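Q: Spelled out from the first residue to the last, the chains are:
Protein chains: 2
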Amino acid sequence: MSKVIDGKAVAAAVLEECRTEVESLKADGITPGLAVVLVGEDPASQVYVGSKVRTCGDLGIYSRKIELPTETTQEELLKVVADLNADPAIHGILVQSPPPKHIDEEAVVRALDPRKDVDGFHPENVAKLALEDPTGFVPCTPAGCMRLLKEAGVETSGANAVVIGRSMIVGKPMALLLMARGVDATVTVAHSRSKDLAGICREADILVAAVGRPEMVKADWVKEGAVVIDVGINRVDDASKKRGYRLTGDVAYEECAEKASAITPVPGGVGPMTIAMLMKNTLQSARQLG
Amino acid sequence: MSKVIDGKAVAAAVLEECRTEVESLKADGITPGLAVVLVGEDPASQVYVGSKVRTCGDLGIYSRKIELPTETTQEELLKVVADLNADPAIHGILVQSPPPKHIDEEAVVRALDPRKDVDGFHPENVAKLALEDPTGFVPCTPAGCMRLLKEAGVETSGANAVVIGRSMIVGKPMALLLMARGVDATVTVAHSRSKDLAGICREADILVAAVGRPEMVKADWVKEGAVVIDVGINRVDDASKKRGYRLTGDVAYEECAEKASAITPVPGGVGPMTIAMLMKNTLQSARQLG
Chain G
1 MSKVIDGKAV
11 AAAVLEECRT
21 EVESLKADGI
31 TPGLAVVLVG
41 EDPASQVYVG
51 SKVRTCGDLG
61 IYSRKIELPT
71 ETTQEELLKV
81 VADLNADPAI
91 HGILVQSPPP
101 KHIDEEAVVR
111 ALDPRKDVDG
121 FHPENVAKLA
131 LEDPTGFVPC
141 TPAGCMRLLK
151 EAGVETSGAN
161 AVVIGRSMIV
171 GKPMALLLMA
181 RGVDATVTVA
191 HSRSKDLAGI
201 CREADILVAA
211 VGRPEMVKAD
221 WVKEGAVVID
231 VGINRVDDAS
241 KKRGYRLTGD
251 VAYEECAEKA
261 SAITPVPGGV
271 GPMTIAMLMK
281 NTLQSARQLG
Chain B
1 MSKVIDGKAV
11 AAAVLEECRT
21 EVESLKADGI
31 TPGLAVVLVG
41 EDPASQVYVG
51 SKVRTCGDLG
61 IYSRKIELPT
71 ETTQEELLKV
81 VADLNADPAI
91 HGILVQSPPP
101 KHIDEEAVVR
111 ALDPRKDVDG
121 FHPENVAKLA
131 LEDPTGFVPC
141 TPAGCMRLLK
151 EAGVETSGAN
161 AVVIGRSMIV
171 GKPMALLLMA
181 RGVDATVTVA
191 HSRSKDLAGI
201 CREADILVAA
211 VGRPEMVKAD
221 WVKEGAVVID
231 VGINRVDDAS
241 KKRGYRLTGD
251 VAYEECAEKA
261 SAITPVPGGV
271 GPMTIAMLMK
281 NTLQSARQLG
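Line order of the protein sequences matches chains G and B. Residue numbers for the first sequence follow this note's numbering, beginning at 1 and rising by one. Residue numbers for the second sequence follow this note's numbering, beginning at 1 and rising by one.
Since the hints were derived computationally from the structure, they do not count as laboratory data. None of these values were measured; they are calculated from a predicted model. Misleading hints may appear alongside valid ones.
Copies of the same chain look alike in the list, so a pair counts if it fits in one copy or across any two.
Unchecked claim - With a cut-off of at most 20 angstroms between alpha-carbon atoms, the simulated DMTMM-like pairs for lysine to aspartate or glutamate come out as follows:
| no. | residue 1 | residue 2 |
| --- | --- | --- |
| 1 | Lys223 | Asp196 |
| 2 | Lys150 | Asp237 |
| 3 | Lys3 | Glu16 |
| 4 | Lys150 | Asp104 |
| 5 | Lys223 | Glu203 |
| 6 | Lys101 | Glu203 |
| 7 | Lys195 | Glu155 |
| 8 | Lys101 | Asp184 |
| 9 | Lys195 | Asp184 |
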C-alpha cells in the first residue's frame with residue numbers, strides 16, 4: 001500500500017514560502033528579478049517560459065521575458081547575457097534549453113555570472129555542489145526531488161539510495177545531494193551500462209529514476225516499502241487521447257505503487273517542483289546579491 | 001589466489017612516459033616547470049616536497065621549491081601564489097597540505113590559476129571532472145587508482161564499483177571517474193554512516209577503500225575474485241619496529257589477498273602513483289599552456 005507523494009501540494013507549499021520571502025526581501029528594499037531568455041520558437045519551450053514568467057507574477061517577482069529569433073547569433077546571445085549579468089534588477093538568469101543547434105549552449109552557460117545562474121549549471125555551481133558549499137545553486141529538478149523526500153518524511157541517513165541515470169541535469173547532482181554530509185545516504189549511480197539493473201534497484205530504500213525510458217522500472221525492480229521518485233517525463237503514443245499521446249514516467253506507476261511505501265506520480269510529482277525550486281533559487285540569489 | 005598490483009612498477013612506467021613527454025615538450029621549446037610551496041616545518045610535508053622536487057629533477061622538469069616560515073600570513077602566501085600564476089616558467093603549482101592552522105587553505109586553492117592547479121582541487125577542476133571535460137586536472141590519488149585498474153586489465157564497464165569514503169580528495173573524484181562515460185562502472189559511494197557496510201562491499205567487483213581506518217576491510221567484506229584498491233595509509237603502533245609504528249592500509253591485506261583476484265599492497269600500491277600522476281598533470285599543463 002503506497003502513499004502518493006503529491007508534488008503539486010508540496011510545490012504549492014514551496015511557493016507559499018517564496019511569497020513570504022518575497023515580502024521579506026521587499027521590506028529590505030530588494031525586488032527579486034528573474035530574466036528568462038528564449039531563442040527560437042520551440043512550442044514546448046514557449047510553454048515552459050510562459051509558466052515561469054506567470055509564476056514570477058503570482059509571487060511578486062519581477063520577470064523579464066526576452067524572446068530572440070531563431071537566427072540569433074552566438075555573439076548576440078552572449079551580449080544579451082552580459083547585459084543581464086550587469087543589470088542590478090536581475091538576480092536570476094535562465095536561458096531556456098534547448099537553444100537552436102547553431103548555439104553553443106555550454107559556452108552560454110559559462111558566460112552567465114555564476115551568482116545569477118539559478119539553473120545551477122555553471123561550472124562554479126557544479127563545483128559548489130560537489131564541495132557541499134550552500135552558497136551555490138542546486139539544479140532545480142534534483143533540488144525538488146530532495147524536497148519531496150523531506151516532505152514525505154523519508155529517512156535518508158544510512159539508507160541505500162539508487163539513482164538511475166548519470167546526467168549533469170539530474171543523475172549526478174542527485175547523487176551528490178544524497179551523499180552529502182547531513183543527508184548521509186549510501187548512493188549508487190546506475191545507468192544503461194549497468195549489469196543487473198533490476199537487482200541493483202531491488203536493493204534500494206530510495207529509488208530515483210532519471211533515465212528517460214517510459215515505464216522501465218517494473219514492480220519486480222522495487223523493494224517492498226521502498227520510496228520511488230520518478231523524474232522521467234516521456235511521451236507515449238496513445239490513440240485514445242485527443243492529442244495522440246500520454247505522458248508517462250520512467251516507472252510503471254500502477255504496479256510499482258503496490259510495493260512502494262511512497263511514490264511520485266507523473267504528472268503531478270517531480271514536475272511541479274522544478275519551477276518552485278527555480279523561484280527559490282531566484283530568491284536565494286536576490287538575498288545573496290542584496 | 002590474488003595478483004598483487006605493483007604500484008611501484010606502474011609508477012615507474014608512468015614516469016618513463018613522462019620522461020618521453022618531457023623530451024617532446026623540450027623539442028617544442030617548452031621546459032615544463034613545477035613550483036612546490038611549503039609553509040612551515042611539518043616533517044612529513046618536508047619529505048613529500050623533497051620527493052616531488054627530486055622526481056622533477058630525475059625527469060628533466062624544472063622545479064622551484066619555495067619554503068616559507070610557519071608565521072607566513074595568508075596575504076603573503078596569496079602574493080606568492082599570484083606571482084607563480086603570472087610566471088611563464090611555471091606550469092604547475094602545488095601548495096603542500098596541510099598548511100599551518102592560521103592559513104585558509106580553501107582560499108589558497110581558489111587563488112591558484114586553475115590552469116596550473118595540478119593537484120586538481122580548484123573548483124574549476126572539480127567541475128571539469130564532474131562534467132567529464134578532459135582539459136581539467138584530476139586529483140593525483142584517484143587518477144593513480146584509475147591507472148592501476150587499467151594496468152591490471154580490470155574491466156570496468158558494467159562492473160559494480162564500491163568506493164568507501166566521500167572526501168573531495170579521493171572518494172568523490174574516484175566515484176565520478178568510475179561512472180564517467182567510457183569507464184561505465186555502476187558506482188556506490190559508501191561511508192561511515194552506511195548501514196551494512198560489509199554487505200555493500202561484498203557486492204563489489206571493484207572495491208576502493210579510502211576511509212583512513214587501519215585494516216577496516218576484512219576478508220568477509222570481499223567478494224571472491226574482486227579487485228581491491230587500498231588508498232589508506234595509516235600509522236599503527238608497533239613496538240617490534242625501530243620507529244615504533246608500521247604503515248598499514250584500510251584493508252586487512254593478508255586475509256583479503258586470499259579472496260581478491262587483484263589487490264594493491266600498502267606501501268607500494270597507490271602511494272607511488274600519486275607523485276607519478278602529479279608529474280603527468282604538470283606535463284599536461286605544460287602542453288596546454290604551451
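Q: When no copy is named, should Lys150 and Asp237 be tagged within, between, both, or neither for a Cα gap of at most 20 angstroms?
A: Intra 34 angstroms, inter 44 angstroms, cutoff 20 angstroms: neither.
Q: Are the CA atoms of Lys101 and Glu203 at most 20 angstroms apart within a copy, between copies, both, or neither?
A: Classified as neither: same-chain Cα gap 40 angstroms, cross-chain 43 angstroms, threshold 20 angstroms.
Q: First find the shortest C-alpha distance between Lys3 and Glu16 inside one copy, then the shortest across copies, and answer within, between, both or neither for a cut-off of 20 angstroms.
A: neither (23 angstroms within a copy, 60 angstroms between copies)
Q: When no copy is specified for Lys101 and Asp184, does a C-alpha distance of 20 angstroms or less occur within a copy, between copies, both, or neither?
A: neither (40 angstroms within a copy, 28 angstroms between copies)
Q: Could you figure out if Lys195 and Glu155 sit no more than 20 angstroms apart (CA to CA) within one copy, between two copies, both or neither?
A: Result: close only across copies, 13 angstroms inter versus 28 angstroms intra.
Q: Using 20 angstroms as the alpha carbon limit, work out where Lys223 and Asp196 are close: within a copy, between copies, both or neither.
A: For Lys223 and Asp196, the Cα distance is within 20 angstroms both inside one copy (15 angstroms) and across copies (17 angstroms).
Q: As a check of your reading, is Lys195 near Asp184 (CA-CA no more than 20 angstroms) within one copy, between copies, both or neither?
A: between (25 angstroms within a copy, 10 angstroms between copies)
Q: Indicate which option fits the pair Lys150, Asp104 if close means a Cα-Cα distance not exceeding 20 angstroms: within, between, both or neither.
A: neither (36 angstroms within a copy, 34 angstroms between copies)
Q: If the cut is 20 angstroms between Cα atoms, do Lys223 and Glu203 qualify within a copy, between copies, both or neither?
A: Close inside one copy (7 angstroms) and across copies (17 angstroms); limit 20 angstroms.
The structure fails to meet hints 2, 3, 4, 6, 8 from the earlier list, while all remaining hints are met.
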